[in-house]
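Asks: Heads up: the sequence lines are chains Z and X, in that order. Residues in the first sequence are numbered from 1 upward in steps of one, following our numbering. Residues in the second sequence are numbered from 315 upward in steps of one, following our numbering.
Hints in this document: simulated from the structure, not taken from any laboratory. Quantities reported herein were computed from a predicted structural model and do not represent experimental measurements. In this text, a Cβ means the ideal position worked out from N, Cα and C, and glycines have one as well. Errors might be hidden in some of the hints.
Claimed, not checked - Short derived list, chain Z residues pointing at chain X, Cβ under 7 Å: (1) ILE116; (2) ASN131; (3) LEU240; (4) LEU292.
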Amino acid sequence: MTTRGAGFWIGAAVAIGLAGVAAGVIKNEYFFFAAYPILMYVVLSTAWNILGGYAGYVNFGTAAFFGLGAYTSVALIQSTGAPLAVQIFGAAAMSGLLGFGTGLLTLRLRGIFFSIATVAVIFIMETLFINWRYVGGATGLQLLRPAPIWPFESYIKMLFVVMAVIVVAAVAVARYIENSWIGRGLHAVRDSEEAAECSGVPTLKLKVFACTISGALMGAAGAPMPMYLSFIEPASTFNLNYSIGALASAIIGGTAHWLGPVMGALLLTSLQQYATVNISNEMNVLVVGVLLVVFVVAAPDGILGLLRKLKRAK
Amino acid sequence: MFSFELLLEAILFGVLLGCFYAAVSIGLSVSFGLLDVPHIAHPAILVFGSYCTYLLGRYGLDPIIAGIVLMPPFFLLGMAVYRFYYETFEKRGTDTGVRGLAFFFGLALVIEVGLILAFGVDQRMVEADYIGKSLVIGETRIPWRLLVAFGVAVVLTAGLTLYLSRTFTGRAIKAVAQDEPALRLMGANPVRIKQWAFGIATAVTALAGAMLIIVGPVDPSLDRIYIGRTFCVVVLAGLGSMTGTVAAGLILGISESIVLTQFGASWAPAVAFGLLLVVLGIRPQGLFGR
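Using the sequences provided together with the hints, build the complete structure.
Replies: Right under this line is the structure:
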């Protein structure tokens with residue numbers, strides 16, 4: 001276990017190091033502009049998987065947590081001009097709180113009710129921010145990027161490296177949960193909630209905990225978004241497409257292991273970026289929908305499941 | 315400013331809207347409420363129905379007639395969807411929750427993007443004699459399109475309620491919802507009954523889709539907001555209760571209409587979702603829950 005753990009942390013350090021080196025070496029700004037959403041979706045689907053994959057509760061509300069994170073940043077910038085790190089922690093706290101509330105309200109019910117409630121949370125959040133003038137209201141708000149912090153030469157490169165750090169943090173959290181008693185408890189919830197409850201697993205506590213952590217990570221992923229776009233507006237921030245992307249990446253990659261959502265998001269979002277640039281924006285959404293349906297029907301354990309089958313066949 | 319007349323008018327419109335909401339939700343009340351299928355794609359099928367009505371309308375067909383013409387093909391479509399869902403998820407048993415939901419979510423997305431690719435993102439509407447004119451009673455003007463939708467909604471809802479309570483197949487559908495193993499022991503095939511019921515639910519949704527495009531212009535992403543409205547009605551009603559569906563539709567219609575007049579249009583979309591959350595938090599079994 002310790003050697004495997006060491007391997008993970010070395011890998012994590014290498015990943016961040018590579019992101020830093022890329023920021024230093026690659027001159028083309030567009031590369032970072034295109035790569036940033038890929039990393040962002042890795043965080044979103046890793047976060048989604050903590051509740052959706054381990055516990056089997058489907059969260060359609062990724063956009064709500066993500067959007068609340070983004071708007072927390074905007075509110076902090078507007079009121080105090082807080083630096084990026086403060087924005088990220090603030091966003092994580094607010095979205096975590098939202099996850100806690102949503103979980104407490106609906107996780108007692110059967111899974112589908114939780115799922116529908118999370119859709120409701122998106123639209124309620126969107127309506128709130130449409131009517132809140134201070135952060136731009138329905139028309140949105142133009143934001144000025146501050147100067148990048150040394151050693152970064154441009155803000156977008158900085159955001160790219162910051163997102164790489166968030167990716168590592170999110171994956172580390174997911175991996176910790178997966179290997180600890182929390183993960184085993186969530187697995188028990190997924191397999192049979194009644195049996196888990198009867199054997200003394202504190203199911204509601206675990207589910208609410210997972211929902212809170214998952215929400216907080218989604219919020220952290222949303223925090224740099226306003227600065228990435230240097231613009232914020234409710235309709236595109238609380239867009240259901242974020243939910244779809246996060247869910248589809250996790251399911252396509254495979255939900256049983258933390259590697260699943262990471263692989264799924266890397267593959268799916270790269271494919272989407274390619275489709276957006278080369279074909280059309282609608283096509284990129286269609287790709288996600290079709291792949292999601294195909295995987296759910298034909299390869300329910302995702303790419304990880306396929307790889308495992310391949311290994312066993314040899 | 316509070317005015318009594320304004321409130322009365324809001325309630326009147328709320329009742330009309332409410333019956334319409336009941337009608338667009340009643341298919342879901344059968345598929346999700348009675349059959350327990352996590353049919354997130356119901357609103358997408360509703361909007362698909364609207365677009366089919368629009369297509370037929372271009373050949374000069376009246377939208378209501380178009381809706382009725384669409385019912386048989388939608389019935390078959392519903393049977394096919396259920397059969398597929400049954401074979402791939404319910405039959406395998408384990409873990410229908412996550413995958414079933416993800417499947418219908420993906421299906422909704424594919425329908426939505428398909429409509430965007432076929433028709434573009436612009437709003438579409440239909441033409442008929444009763445669209446654009448209003449019935450004037452004293453100070454109030456009630457658009458005929460709302461009244462027509464109201465009328466069809468009442469007939470549709472009453473018809474389905476009678477079908478479920480009076481006919482042999484209708485009662486069989488209710489029996490499946492109550493106790494599937496018992497039905498199996500009686501020698502009936504629950505899968506066939508459920509498939510039939512899902513077909514009926516989808517056929518009803520086709521006609522509801524025709525009303526949707528009568529009431530107002532439709533665009534492909536309209537299904538997203540109707541996730542809230544339809545599920546709000548079905549959950550508030552108490553799963554599978556037909557009387558409840560009408561009552562819940564009225565509650566939603568009236569609340570939305572009051573919020574619209576008192577607070578403005580930007581708050582109205584949140585009413586359905588807010589109500590849904592409140593119901594889930596306070597009384598998840600709904601008004602007329604089993």
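Asks: Compare the structure with the hints numbered earlier in the document and write down the numbers of the violated ones, lowest to highest.
Replies: none
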